[in-house]
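Using the sequences and the hints, build the whole thing.
For what it's worth, full-length UniProt numbering labels the leading residue of the sequence shown as 1, then goes sequentially.
Do not take every clue at face value.
As the list claims (entries may be wrong) - Think about it this way: if two alpha-carbon atoms lie no more than 27 Å apart in a straight line, the pair counts; the simulated BS3-like pairs of lysine-lysine are:
no., residue 1, residue 2
1, K176, K10
2, K147, K108
3, K10, K35
4, K108, K163
5, K147, K35
As the list claims (entries may be wrong) - Have a look at the derived ranges for each label pair, beta carbon to beta carbon:
no., residue 1, residue 2, range
6, I4, D64, 34 to 42 Å
7, I4, P150, 37 to 45 Å
8, V91, G48, 16 to 24 Å
9, N37, E103, 12 to 20 Å
10, V91, V144, 19 to 27 Å
11, T89, I2, 21 to 29 Å
12, D112, D11, 14 to 22 Å
13, D116, Q63, 37 to 45 Å
The set of hints was computed from the structure by calculation and includes no laboratory data. We put the CB at the ideal spot given by N, CA and C, even for glycine.
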Amino acid sequence: MIEIPSDLHKDLVPLAFLLGSWAGAGVHDFPGSEKCNFGQEVTFSHDGRDFLEYHSQTWVLDQDGNKVRPLETEHGFWRIDAHRKVEITMVRDGGVIEIWYGEMADKKPQIDLVTDAVARTASAEHYSGGKRLYGYVKSDLMWVGEKQTPEVELRPYMSAHLKKVVTPEDVERWAKALPDDMPDDGIAFFK
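What follows is the structure, given as structure tokens:
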């Protein structure tokens, strides 16, 4: 279910499907790096201004699905204009700062992005750009990322399937929003 908060900036309504906390798992595979399964937690939040705040943490998983160690952390700000053009400023824990541009697909919750600018600290790994695709599919958030370095051409390197995290506060809010004339037995509701 996509909720549009009453205090969400009007420009951000097309991005409302991203709001909330998400968790799931994916695969990381890039030449020169460890191939692994990873866990991920992502949060998209807002404070009424014209951007979404984004925070993502990933960690390596062992074969039993247990956390082994951190993989990558990202923090950023997402904006969208009236023409469905998306822009993101992002910083990664590995010493990379990126500007992403893209657009939201027509009539579906899907966003295609490409890096426009990349800045790296002296200690950062080689990285020269990337692409990402985010999509809201059957109430889940899925994404795939591509990456390039001076040594490796653009290629997929990470993808994940995330589920919305439901909090007790969400359940309470939804329960309060139920109509007063709900059937007592629950079965009549489905007839």
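Cross-check of the supplied hints:
Restraint check for K176 and K10: the C-alpha separation of about 25 Å stays at or below 27 Å, so the hint holds. With a C-alpha separation of about 25 Å, the suggested pairing of K147 with K108 holds against the 27 Å cut-off. This hinted pair does not check out: K10 and K35 have alpha carbons roughly 41 Å apart, beyond 27 Å. As the CA atoms of K108 and K163 are separated by approximately 18 Å, the hinted pair is consistent with the 27 Å bound.
Annotation: proposed proximity of K147 to K35 holds, straight-line Cα distance about 14 Å (limit 27 Å). Hint check: I4 to D64, Cβ distance near 39 Å, so the stated range 34 to 42 Å holds. A beta carbon spacing of about 43 Å between I4 and P150 agrees with the range 37 to 45 Å that was offered as a hint. At roughly 23 Å, the beta carbons of V91 and G48 sit within the given window of 16 to 24 Å.
For N37 and E103, the Cβ-Cβ distance of about 31 Å falls outside the hinted range of 12 to 20 Å, so the restraint is violated. Between V91 and V144 the beta carbon distance is about 21 Å. The supplied range of 19 to 27 Å therefore holds. Between T89 and I2 the C-beta distance comes to about 25 Å, which sits within the given range of 21 to 29 Å. Remark: the range hint 14 to 22 Å for D112 to D11 is upheld by a beta-carbon distance near 19 Å.
For D116 and Q63, the hinted distance range of 37 to 45 Å is satisfied, since their beta carbons lie about 38 Å from each other.
Of the numbered hints given earlier, the model fails hints 3, 9; all others are met.
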